[in-house]
Amino acid sequence: MTTGEESAGAAEQAEARVHTMALIVGRFPHACRAAVLVVFALAIGATYNALNPLGIRWTRSPDGRIGIPRAFEQRLHEIAAPEALKALEAGDAIFVDSRDEKDYRKDHIPDAVNIPMRQWAELEADATKRLPRDAKLVLYCYGGACGLSTRMGKRLLELNYQHPIVLRRGWAEWTEAGYPTAQKPRRKPK
Amino acid sequence: MRGIRQLFVNRVFLRIAGLMIGGVLIYASLDKILHPDRFADVVHEYGMLPLLAVNSFALAMPWVEMTTGIVLIIGVWRRAAGLLAAALSAAFMIAISQAQLRGLQIECGCFTVSGMSATEASWSLFGRDALLLLGSVLIWRRG
Numbered sequence: 000m001t002t003g004e005e006s007a008g009a010a011e012q013a014e015a016r017v018h019t020m021a022l023i024v025g026r027f028p029h030a031c032r033a034a035v036l037v038v039f040a041l042a043i044g045a046t047y048n049a050l051n052p053l054g055i056r057w058t059r060s061p062d063g064r065i066g067i068p069r070a071f072e073q074r075l076h077e078i079a080a081p082e083a084l085k086a087l088e089a090g091d092a093i094f095v096d097s098r099d100e101k102d103y104r105k106d107h108i109p110d111a112v113n114i115p116m117r118q119w120a121e122l123e124a125d126a127t128k129r130l131p132r133d134a135k136l137v138l139y140c141y142g143g144a145c146g147l148s149t150r151m152g153k154r155l156l157e158l159n160y161q162h163p164i165v166l167r168r169g170w171a172e173w174t175e176a177g178y179p180t181a182q183k184p185r186r187k188p189k
Numbered sequence: 000m001r002g003i004r005q006l007f008v009n010r011v012f013l014r015i016a017g018l019m020i021g022g023v024l025i026y027a028s029l030d031k032i033l034h035p036d037r038f039a040d041v042v043h044e045y046g047m048l049p050l051l052a053v054n055s056f057a058l059a060m061p062w063v064e065m066t067t068g069i070v071l072i073i074g075v076w077r078r079a080a081g082l083l084a085a086a087l088s089a090a091f092m093i094a095i096s097q098a099q100l101r102g103l104q105i106e107c108g109c110f111t112v113s114g115m116s117a118t119e120a121s122w123s124l125f126g127r128d129a130l131l132l133l134g135s136v137l138i139w140r141r142g
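Chains as they are written, first to last, in numbering that gives the first Met the number 0: chain A, 0 to 189; chain B, 0 to 142.
Don't read these hints as lab results, they were simulated from the structure.
Even for Gly, the Cβ is constructed at its ideal location relative to N, Cα and C.
Wrong hints could be hidden among the right ones.
Said to hold, decoys possible - Here are a few chain A residues that face chain B, going by a calculated C-beta distance under 7 Å:
{"id": "1", "residue": "ARG32"}
{"id": "2", "residue": "ALA33"}
{"id": "3", "residue": "LEU36"}
{"id": "4", "residue": "VAL37"}
{"id": "5", "residue": "VAL38"}
{"id": "6", "residue": "ARG56"}
{"id": "7", "residue": "TRP57"}
{"id": "8", "residue": "PRO61"}
{"id": "9", "residue": "ARG150"}
Chain B on its own, in the form it takes in the complex:
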């Protein structure tokens, strides 16, 4: 237990976690940035936002992902970026869990919005986002 605690405050570990989460966020943002209309379709299918907010969210969120990813990789304002990454991960977890609980069979929209055969929102993705959240919170709290 103490070893895990020490690992979580280890500078090298946190730096590597930042690089990995940053890379994931940048990769996840690319297709959404290229095809905002398709991402808007995915956001709409989740059924969480009022119609008027769907386009705005689809336009803004990928750029927040991209900016957060870049900042995590560069390493400046890393704790602020960790906070943003944690907020994004928490939002993804809420979106996926409510879709699962409502029985929606929808595209995840996590990494691609172009395939139309992309991964469906599922509990395994929820678990992946939980890991992302854990890493992000560690970066935010421990820097």
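With the rest of the complex left out, here is chain A:
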């Protein structure tokens, strides 16, 4: 095939593509306009997120967490239960139970204070009075992804707290490890 034939073929293909596009736009004009609006919205959103100090990554933070502002990735640390136990034994941290009050009443980590994250809006003023800004705060919730304590950590960082730390798998990990609780203070680790 000569160069002239090749370019003619390419032109035909391009024309066919344009024709197909025109058919789609003609057949589904509102859907096509809606797609344009979505692309526009994504462009604006991406620009805003890049400029927003509390912007987040599009997938997840380097340590695998989601919903963590880029500015907090290096400041909101996570620890596992053994490390938290050391902090408890050393007495150099305040433990904050972010679960609901009824669950805190059943049992909790010894000396932990209860600030239910689901009522944060009402409790924030009191919480900031009770928790010193320069203290090491070990935050825990039920378990799993520990969304409540991570939320609390982010909020505390916004309020200029220096050392909020999230207990990674929270109460679930603590009790699975057999660590002491308010109800069973003498229970030893497995």
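Here the structure of chain A is known, so what remains is to put chain B in place on it, guided by the hints.
Just chain B now, kept in the frame of chain A:
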């Protein structure tokens, strides 16, 4: 019945519906845009998306809401915006109903993600979204 049908194709009615739905969508998007991390937490709690998609959805969805709202209010490409609003409403209804059916007690994330004491996802919100869907479909189909 015929009166209702006539109302649904009435230009003034559709314009007012567009203004109202547009206003709701813009208002609903504001807090999510300001606090994408908190909205990502809410999206995560619904448990519908793979983890890798949660942040992307939390970043994109509020801007689609905002853009749709603005276009509905301006009145240009209103039918396209109606289609988008219908898609958003349907997505909200699916999210709320699956949360209810699974017994999840989670924050709705509809208008605010900052309060931490915000409205819980519930069947009444499902009904509100159904109204939103109805209005949006009318705008999309009838313009």
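Exercise for review: Find the hints from earlier in the document that the structure breaks and name them by number, from lowest to highest.
Suggested key: Checked against the structure, the hints that fail are numbers 5, 8, while the rest are satisfied.
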